[in-house]
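The sequence shown maps to residues -27 to -1, 1 to 657 in mature numbering (1 follows the signal peptide of the UniProt record, and there is no 0).
Keep in mind the hints are simulated off the structure, nothing from the lab.
Don't take every hint at face value.
Simulated restraints on C-beta separations [claimed, not checked]:
no.	residue 1	residue 2	range
1	232	188	25 to 33 Å
2	140	54	22 to 30 Å
3	556	229	30 to 38 Å
4	245	557	46 to 54 Å
5	592	188	42 to 50 Å
6	210	171	49 to 57 Å
7	268	300	43 to 51 Å
8	553	210	30 to 38 Å
For glycine and all other residues, C-beta sits at the position ideal for the given N, C-alpha and C.
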Amino acid sequence: MNLVSSRRALWLGVLVPWLSACGPTHSEPAPEPPVDTAEAQSLQAVTFIAAGSTWRYRDTGVDPGAGWTSVGYADTSWAQGPAQLGYGDGDEATVVAYGPSTSARHVTTWFRRAFTVADPSRVGNMVLRLLRDDGAIVYLNGQEVLRSNLPSGTVTASTLASTVIADSAEQAWHTVSIPSTALVAGTNVVAVEVHQSTLNSSDLSFDASLTAEVEDAPATPCFALNLPALSTLRASPKKVFAHYFSPYPLSLDNREPSVDYYARNYLQPTGENSKFAYCGGLLKQRPLPQAPRASGVDYELANFEVEVRRAAALGLDGFTYDILNHTGTHWNRLLKLLQAASNVDSGFRIVLMPDMSSTYSGTDAEALSAFVNSIGSVASHPAVYHLPDGRLLLSPYMADNRTPQWWASVLQALQARGIPSALWPVYVRPWVAATNTLDAVVPLYGTSTWGNRTLGSAAGQRTNVGTAHGMGLQWMAPVAVQDSRPKDLVYTEANNSQAYRALWDAAIQGGADWVQLITWNDYSEATEISPSSGTQWAAFDLTAYYTAWFKTGVQPTITRDALYYFHRVQSTSAAPDLTKQRAPYELRGGAAAANEVELLAFLTAPGTLEIEFAGVVQRRDVAAGIQSFRVPLQQGTPRFRLVRGGVTVASVTSAFSINNTIVYQDMLYRAGGSLTCDRSFFFP
């Protein structure tokens, strides 16, 4: 390495020109060329690793040991930081250590970065591009894919690069094609070791990118529609974000589902030292159970990657993350979710939603300092959502818990740090007056309300769009599937799937700009659409249909018959044991209690819908399209069928029996569906 050389960087880029085999390495000074998509319109550009991403790195000079290039290697003790990584040039985002002295620097520095591939068979041959100074070896899943300016044979931590790289050669690009056979389904790892040519090298720089062209996923039988390509849905100016509530990730302790924290403490009346015995347990369902991750795997990160993958499979733009605290567990989960989003889907974004009912407390000055410091620390992360004009978007929940003047100070302080920002508040209290009050001091980008979860509230949600637009603001429509809260002994009547569908219709027909799905995973309020033990995949599947409708503006064609059911496991009038349950549930939200069993059908053609209880069948002839058939709730296990011409075309039996002899009330609507499909994509 030239000790007085100018800026240099190590770049790793992967494009996919659909080459048939590995090719030779060559140099080129030109910048990374654009992806040519003319060869196949079914291809979309995917960034597996973006420039400026966060990498794990080892800068101790000590060999990391066997297996450091493999997926299963435990690198959680390594430091991490965004690229560029290095020292000596002054342009590094992360400065790494170089050793004990300027005359005895570390020869080798190691880097690792994980990314996810859902289906390697849809990835063509890849091209690895490297800008190195002095020497480097690049590995993909433990397989060496590029060696540049290092001797052949075994290389150790003390092996020097073959020659000194100087002047224009420091910025030459080196390219090699890589077959997609090097990829695996799920987590993949790029590992790089960078070697100096002398012990007194003055600087080191490292950054990398990994992109590919990937075939669009084939039509999935998991949904009633053929979902448009993710690239098509993401191109829509209409955005759909799901509200992420950090207390309820897929797993809290990485244990077997039968004995994990959910099972022991949240689903049982005796959990957490009988803390929730008065309501029969904090939760009535949990995230879908899954096997524990292997020892040494960062299970939280791996599980966040699963959740990002699931949300992206619906065509969602990302999550609105409820920032419950700016330190500790909930903040650390935000950091891991950001990393997971970058690992899995370069287009997946996290909207920062500071929860002003939970954090940033204290005096105005204390809250301002904590807010600006914490938000400023993540504002530049590539997975954080920014508006098209580059401003950081903040969507504070209960923004009216702080004064408009305080919010003006927040934006001024962020601007002083080089972070231009905009507000899109979400209100629980009446939103029009609160919006006008704040907008008079701090011009807003948009506004929203947490909303209601009833069938009757949908009409009001439709008119809210025009009200917001009349104020010159964007509108984010709240859409929720249901709401029941054991800890508070309250519930809202959702009328099976009717409220969810009506709220979606209000957003679509009313012309909302964005939708916030409330929520992805707040199990304490039963608003979750994430695949779960009680609602299973039903709300998830419906979300795919309505997301496509909202984003494209065209009702999707139903390409396969699908049946879904929604019902409670007891009547709302079933009497609890009040020696154990503190009091009966209170109905809120203005809608009357309903006790029905619903068969929701997505039909390609007319047919007869059937609901059976104990051998007694009720039928309804219906047209093609979306059809809802409801009958009074009764005890037993309902069965559901679609019949055409005397032949059963689709059927499903509820996974949940209805029984009005109870100890505790349970107002959660259970759900399920008829489509049997390969959902292994969602369980990597």
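Quiz item: Has the hinted range 30 to 38 Å been met by the Cβ atoms of residue 553 and residue 210?
Solution: Once the Cβ atoms are compared, 52 Å apart, the range 30 to 38 Å for residue 210 and residue 553 is violated.
Exercise. With 22 to 30 Å as the target window, see if residue 140 and residue 54 comply at their CB atoms.
Key: holds, 29 Å
Exercise. With 42 to 50 Å as the target window, see if residue 592 and residue 188 comply at their CB atoms.
Key: With a Cβ separation near 43 Å, residue 592 and residue 188 satisfy 42 to 50 Å, so the hint holds.
Quiz item: Given a hinted range of 30 to 38 Å, is it respected by the beta-carbon distance of residue 556 and residue 229?
Solution: holds, 35 Å
Quiz item: Holds or violated: 25 to 33 Å for the Cβ distance of residue 232 and residue 188?
Solution: Once the Cβ atoms are compared, 41 Å apart, the range 25 to 33 Å for residue 188 and residue 232 is violated.
Quiz item: For the pair residue 245 and residue 557, does the Cβ-Cβ distance stay inside 46 to 54 Å?
Solution: The hinted range 46 to 54 Å is violated for residue 245 and residue 557, with Cβ atoms some 23 Å apart.
Self-check item: residue 300 and residue 268 - C-beta distance against the hinted 43 to 51 Å
Solution: violated, 28 Å
Quiz item: Within 49 to 57 Å or not, the Cβ separation of residue 210 and residue 171?
Solution: holds, 54 Å
In the structure shown, a violation is registered for the earlier hints numbered 1, 4, 7 and 8, in ascending order.
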